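> Order-wise, the sequence lines are chains A and B. Take the first sequence: its letter number 51 is residue 51 in the numbering used here, and every next letter is one higher. Take the second sequence: its letter number 337 is residue 337 in the numbering used here, and every next letter is one higher.
Hint data in this document are derived by calculation from the structure and do not stem from the laboratory. Note that the structure is predicted; figures quoted are calculated from it, not measured. Please note: incorrect hints may appear among the correct ones.
[Said to hold, decoys possible] Not the full set, but computed from the structure, chain B residues with beta-carbon under 8 Å of chain A:
hint, residue
1, Glu7
2, Leu11
3, Ile403
[Said to hold, decoys possible] Footprint (simulated), chain B over chain A, 3 or more residues, beta carbon under 8 Å:
hint, region
4, 101-109
5, 119-125
6, 159-167
Think of the CB as a built atom: it goes at the ideal place given N, C-alpha and C, for glycine as much as any other residue.
Given next are the chains, with one letter for each unit.
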Amino acid sequence: MLETRIDEVYLEEILGDNQDVVLLTMPGGMSSSWYLYLKNFVAEADINPKNVFVFFRDYELTKPLYRTQGEYSKKLDLLSRSEEVDFDMVINSNSKIGDKLSRIFDEIYPVQAKNNKARDLINRAAVSLYIPKIIPFTFLRVTLGLDDSDYIPVLREYKKIQNSTNDLFSRKNFRSTEIFDSDENPSEFMKSNSFLNLMVNVSNNYEIELTFVRVQKRPNSTNSKNSDLYLDEYIDKLKKFLISHEINFIDLEGKGFGLEYYLDGDHINPENIEEFTEYFYRQNIIYFGGEN
Amino acid sequence: MIFQSYEYISLLIFTVMIFWFLSRKLQNIILLTASYLFYGYLNPWLIFLLSGYTLVNYFAALKIQKATNQKNKKSFLMLAIFSGLFVLGVFKYFGFFIENITNLLANFGFLNSKITLQIFLPVGISFYTFQTISYVFDVYKGKTKARNNLIDVSLFIGFFPQLIAGPIERANSLLSQIETKKRFKIQDFNDGIFLIIWGFFKKLVIADNVAIISDKIFLLEDPHFSLLILGSLAFGVQIFADFSGYTDIARGCAKLFGINLSSNFNNPYFSRSMIEFWRRWHITLSIWFRDYVYIPLGGSKRSNVRTYLNIMLTFILTGLWHGAAWNFVFWGLYNGIIVIITRIYLRNTNFRINTLGFILTFCFIHIGWFIFRSENFYSIFSSSSDMNIHFENFIYLFMQVFIFSLPLYVYGAYQVIRNKKNILFRLDFLENMYIKSVIVMFLYLGILILRSNSTSDFIYFKF
């Protein structure tokens, strides 16, 4: 989520004094990847940042299995060391029989990881009536390994149609489905077997200042937000939990940066990222070493 | 438990592995155990509901058979039917009824606020209610005998592959198979695997991928008319792939136990009239309504007006069977009107053009799907969309729907050509076991690579 929210170059410019901003992102990554980044790329890499910000939404911090299978499993492997005892413990203790079988299946059939490429091929075939040139280029790409950069004008036309089609839905219709049901147990984050607890431990053990940033709640199909008492109660308890462990918490829900700045229910419009970066810095200057 | 879960696949493999080493009696006990585990996996209370249904209908059927006079027979039949319909009514229609009554009272100022009840709907209840009604009704009519073996009857009502979304079976078909010792046949096994994989391909690759487009369109507040057409086309592909996929998986799983379930679809989108469509779509439900509603009402044996009334009532009930909402009632009404018009046309003219009939029927079906899918379809009449949709966007979405639905139409065309009697050559290469195995491998690969990232429950689970 961070990737589509913060402009690192612009933030470095604002911060000045040769301060570096590093974005650690895995597209679609959730709490499992945030933990691995924090442990392997910050703490154990002996980098001592002034602050580490983790952006999350709703119940994501305490849903350890979410996005750990299929294509995500391969991506997480790249972030892992040869042995990840705590990581495996969290995954195993949360897995039901179906989840375990699913992981075995992923190991047996790595071809599943080609899912995104196959979908891209179908999308290209779908625009071929309008951009016939895309077929020979795609054929050469698949057979001879032609690089995407070799046919940028055609690709640009393809992306333009894709984006304008997505705009039909995304501007008027934010994603309506919540990732998780709202009737989740509000005290679930207190369980020791989530990546939230591991991240808190890493922060305390390595003395890293950690800040969890709750982003805007995802709106429903009519661009409004349903009131959700369970979620409110959950966030309230989460906040108390983090404060009791000396972890910072920033809640952006309902704050100035409204839905009109969003591309869809999840992502800030690329044109507004710089503005959001500045807004985020000004509102939370204290976490960047400044004074309110 | 849902078909597209690893728990279900594990249960199926485990049950099949021990099933073939058991005696007939033990075979049925293991199938019944698996069925109850399947149904009660997420909500164990459902097992009590299913057992209750089974016991009421088991004893009612025995009483009907033993009753010496017609009056007693009828009393037990009514008891069984109305107890089933009462439970179905409470779970499925009570909330809808209360909501509409309170709406009406609120509109006239008798109530200050409208009341909405959220009643939990036990999955598959519409299907097994109808199956149990057919059992006691057939016993009453003397078409089948009441069975003494409670395990056999329980399995007939709760057989897990078809428990949740059919096909709705008759005692003469399924119960008689349950009562006989099953013999292992490699051909059945091969056919079963093919049906299961083809069913999963339809659900996970075709239905779930097309659903992304149709869901997005039907969520729009004020969509452009061209998008509504596309949404209906996409939903037509989705619902067919979803429901026929479920049926194929159910039939395939049953074949692994040596049991043949009825076919529910016969290339419905190749129909040349709406009458033909209803003979090809959800066949077991259509036959159920024909035998237990339309014919008892008098069918077509009385005056024309009475026949049309019977058709209308049957279709409205068919619509209402799908769910407690006005769009389903209007969908039933719409189908009834089109079928009556078709019937009048076919009786009064000899003019037939197959191609025109096919195109018109395809349009009628998809207008129907629009009513079926849309929760506030009346908004189309007041549509004032200023949505800016370009031709390339429409083509891009349309082509995605077309590409995903292509395997459905290719397989459908193959079946149509294969069944042609006067064709010069027999196109039945798919019946070859080895070719079938190769196709199964390709379908399996297709599922792994092309399955949608977001899968949802089968649509008919809601009914």
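> If a hint holds in the structure, say so; if it doesn't, say that too.
Hint check results:
Because the smallest distance between the Cβ of Glu7 of chain B and any Cβ of chain A comes to about 5 Å, under 8 Å, the interface hint for this residue holds. Taking 8 Å as the C-beta contact cut-off toward chain A, the hint placing Leu11 of chain B at the interface is violated, the least distance being around 10 Å. Evaluation of the Ile403 of chain B hint against chain A yields a held restraint, the C-beta minimum of about 6 Å falling below 8 Å. With a threshold of 8 Å between beta carbons, the proposed coverage of the region 101-109 of chain A by chain B holds, since 4 of its residues qualify and at least three are required.
Coverage of the region 119-125 of chain A by chain B holds. Counting CB-CB distances below 8 Å, 4 residues qualify, and the rule asks for three or more. Restraint check on the region 159-167 of chain A versus chain B: 4 residues with Cβ-Cβ distances below 8 Å, three needed, restraint holds.
Violated hint for the displayed structure: number 2, the only one.
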